[in-house]
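Q: These are the residues of each chain, in order.
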Amino acid sequence: MSKKADFVKFDKVDKSYDGKVLVVKDLNLDIEEGEFVTMLGPSGSGKTTCLMMLAGFETPTNGEIFLDNNPISNIPPHKRGIGMVFQNYALFPHMTVFENLAFPLKVRKMSQEDIEKKVDKALSMVSLGGFANRMPGQLSGGQQQRVAVARALVFDPAVVLMDEPLGALDKNLRESMQYEIKHIHENIGVTVVYVTHDQGEALTMSNRIAVFNDGKVQQLSSPDKLYEEPVNSFVAEFIGENNTFGGEVSEISNGTCKVKLEKGEIIANPISVKSVGEKTTVSIRPERALINPKDKMDNNQKGKIEEVIYHGDHTRVRLNLLGNSEFILKVPNSSQNLDIKLGNEINIGWNSHDARALDPK
Amino acid sequence: MSSETGKILTTDGIPLEESLKQAEKKNKIKAFLLVAPLLLFLIITYMIPIGDMFSRSIDDKMVTNMLPKTYKAMETWDGKELPPEEVFEAFYLDYKILVKNKTAGKLQTQLNYEKNGFKSVLKKLARKQKKFEEGNYKEQIMKVHKRWRNVEYWRAIKRRAPSYTYSKYLKGVDMYSNEDGKIVQVSEDRRIHRILWIRTVEVAFFVTLFCFLMAYPIAHLLATLPMKYSNLLMICVLLPFWTSLLVRTASWMILLQQQGIVNDFFVWTGLVADDNRPEMMYNKTGTYVAMTQILLPFMVLPLYSVMKTISPSLMRAGKSLGAAPAVAFFKVYFPLTIPGIGAGCLLVFILAIGYYITPALVGGASGTLISNQIAYHMKSTLDWSFASAMGLMLLTGVLVIYWIYNKLVGVDNIKLG
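Residue numbers (my numbering), protein chains in the order written: chain B, 1 to 361; chain H, 1 to 417.
Honestly, the hints are just simulated from the structure, not real lab data. Any given hint could turn out to be false.
Stretch-level coverage of chain B by chain H, calculated; a stretch enters the list once three of its residues show a Cβ under 8 Å from a Cβ in chain H [claimed, not checked]:
id, segment
1, 37-51
2, 183-190
With a straight-line Cα cutoff of 30 Å, these simulated DSBU-like cross-link-like pairs (lysine-lysine) come out [what the hints assert, rightly or not]:
id, chain 1, residue 1, chain 2, residue 2
3, B, K121, B, K106
4, B, K121, H, K331
5, H, K28, B, K106
6, H, K102, H, K115
7, H, K158, H, K80
8, B, K302, B, K258
9, B, K3, B, K171
10, H, K130, H, K69
11, B, K258, B, K294
12, H, K7, H, K80
13, H, K228, B, K25
14, H, K331, B, K118
15, H, K308, B, K106
16, H, K30, H, K69
17, B, K216, B, K117
18, H, K308, B, K79
19, B, K171, B, K330
20, B, K121, B, K171
21, B, K225, B, K260
22, B, K109, H, K331
23, H, K171, H, K143
24, H, K61, H, K182
25, B, K341, B, K330
26, B, K79, B, K109
27, H, K7, H, K28
28, B, K117, H, K331
29, H, K407, H, K379
30, B, K20, H, K228
31, H, K331, B, K79
32, B, K216, B, K263
No residue lacks a Cβ here, since even glycine has one placed at the ideal position from N, Cα and C.
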């Protein structure tokens, strides 16, 4: 069975709450069957609104959403067959864990026998076998979260939506839950649309990530591409750490360009600049710039160390480079003894391929 | 560590428990002093009056104290035939003092409760006894009024001999202990209290029901509307709260009377004929309408405070799991509001069962409740002990309802805010 590439399809969707401001602008998004897609973005970027439109709690102002090629805008939420995990879990506090999980099966009028079988299976999937008779209030946050996931999956929905489900958990639990959800997804192959503002979460779990800002998808690609090859300065800034230089393109040729800064000049990879004279922001990941590079690199600059912060496995070095006093380097602590001391001048080198000339900020 | 003694000591060697007590003593005293005024207030304004009410309702010392010699003489009288001369003499002597002290009126009233027509007999005796000669009082008294020859009147006096009585409680449910000491019902045409009790419970029940039916959607709207609208609506709910109860009741009188606005409107729309205007006041209808409106906030507020805590995502979760909106409402939302329903219903029911002003003003004859009867005995007949007895019966009734409610729903499940 071939997987449908546009199992969930947002087609030119606009959404406005007050008729003045568009929260979601001309959204086009195809989600493949069985895929784990994360909508990532700062708060107010429209990602939750998209999820709510897919779930049926909001209607698109314009455009249409398709689920398996059927338009669903006019189908009420309870007939869409989409599972949802809410931010605060939304477990029914007056029902036991068993009753919570049985709820979607009961409203589908399944036999008691089938219900018990399915609930048992779902509970063991989230390793909460012995908890069927507990009330949600007697469970810890992580356990409640797992019950919520099990409840959203127990009726075999085609799509499961998760709205910042790990937001209320502490850091360690959040990380282990990330893996757990990822594994559940891999095992049962359900399509998951996940909303979060935590980039680490998005990078860990997703097949593809849609970065939202200002009501628009800025970039939709796999986690590694998103990190290594951001298409604009918002994505570069939002995902991971990032050193930037603002300047003007002075020369373009053969896949490289020269960018003139206030002090000095760098060679960069022209991503979104087309012609000489354009303003641009050059973005370099901290780990792509090396100290005293052995190999020959086409950018070589001298910088003064302004701050050294010890981070256990690595050391963060802040230097003043080409007029940017916020230039960050990550130096692995196992490496050869480099001359990293406050006030020292050191050589920094990077490949022009890793310096991406993007749209100006 | 002093593990041998099994007691944990502090570093100074004082047992830990003692040290803890010492440390917390000051806070405990402070806490007590803070609640002391309230405690005192409750004792003075609540416990003492209720105790006084109770002692009043069973107290029957008044007659006993007014006729000490009579009751002493009556001790040996079996009550079958007219009492002997000693009783007559003792009664004459007791009564003489009462007339002299001008306190005979109380005795006349009290004995009249016991036996109708006693008052006039005693009044006549008060006038005639001045001319009595010494000796043979039986003859002289019986001469004053022929009713003194009727043994029933003497039995009535004897029945008042004990210092305590539960007769007021019997009267409250239309019963009395007859001449033979048996507890029987009063004749059918005089059974008014039982009707009142039933009507009171009925009115309280329906007012609670109407309040619930009206308050539930209002509270739901309040809890789900955006802040700026819900504040306005909240003010609308609370506005009647800030208006005097009398004003509100009076405005219902203006609205509901036969020539009132509501009737005018019905006539104007052609629903009723002008010469056939329905009576909506001075009967149960008026009581229902006015009391429901007045008690509505007491239902809205607890419901609102509970609904406010129910996350809207629960209903969404219900729907996303496949429940139609109505199913999601009754399976998810409604069960979660039960603590508020319990609190609101209990509050409204208890307030309604003792309601006084509104039924007194708009209730008329068929809309008065037990509280109006209590007030009547407090103000008009001055039979305070009977009023106290009925008040206590009402209080007991409320406590019983509370107890049943606790058994059924559990007081822990009540949420007032």
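Q: All the hints need checking, so say for each whether the structure fits it.
A: Tested hints:
1. 37-51: violated (count 0)
2. 183-190: Check failed, 0 qualifying residues.
3. K121/B to K106/B: 16 Å, holds
4. K121/B to K331/H: Holds, at about 24 Å.
5. K28/H to K106/B: Not OK: K28/H and K106/B at ~53 Å, beyond 30 Å, violated.
6. K102/H to K115/H: The hint holds at about 22 Å.
7. K158/H to K80/H: 12 Å, holds
8. K302/B to K258/B: 18 Å, holds
9. K3/B to K171/B: Between K3/B and K171/B the Cα gap is close to 35 Å, so the pair fails against 30 Å, i.e. violated.
10. K130/H to K69/H: 19 Å, holds
11. K258/B to K294/B: 23 Å, holds
12. K7/H to K80/H: Roughly 76 Å between the alpha carbons, so the hint for K7/H and K80/H is violated.
13. K228/H to K25/B: 28 Å, holds
14. K331/H to K118/B: 21 Å, holds
15. K308/H to K106/B: 28 Å, holds
16. K30/H to K69/H: 57 Å, violated
17. K216/B to K117/B: 43 Å, violated
18. K308/H to K79/B: 27 Å, holds
19. K171/B to K330/B: The hint holds at about 23 Å.
20. K121/B to K171/B: 28 Å, holds
21. K225/B to K260/B: Roughly 27 Å separates the two Cα atoms, so the pair holds.
22. K109/B to K331/H: 14 Å, holds
23. K171/H to K143/H: Roughly 34 Å between the alpha carbons, so the hint for K171/H and K143/H is violated.
24. K61/H to K182/H: OK: K61/H and K182/H at ~22 Å, within 30 Å.
25. K341/B to K330/B: 14 Å, holds
26. K79/B to K109/B: 14 Å, holds
27. K7/H to K28/H: 24 Å, holds
28. K117/B to K331/H: 22 Å, holds
29. K407/H to K379/H: 38 Å, violated
30. K20/B to K228/H: 20 Å, holds
31. K331/H to K79/B: Holds - the C-alpha atoms of K79/B and K331/H are around 17 Å apart, at most 30 Å.
32. K216/B to K263/B: Not satisfied, since the Cα-Cα distance of roughly 35 Å exceeds 30 Å.
Of the numbered hints listed earlier, those contradicted by the structure are 1, 2, 5, 9, 12, 16, 17, 23, 29, 32.
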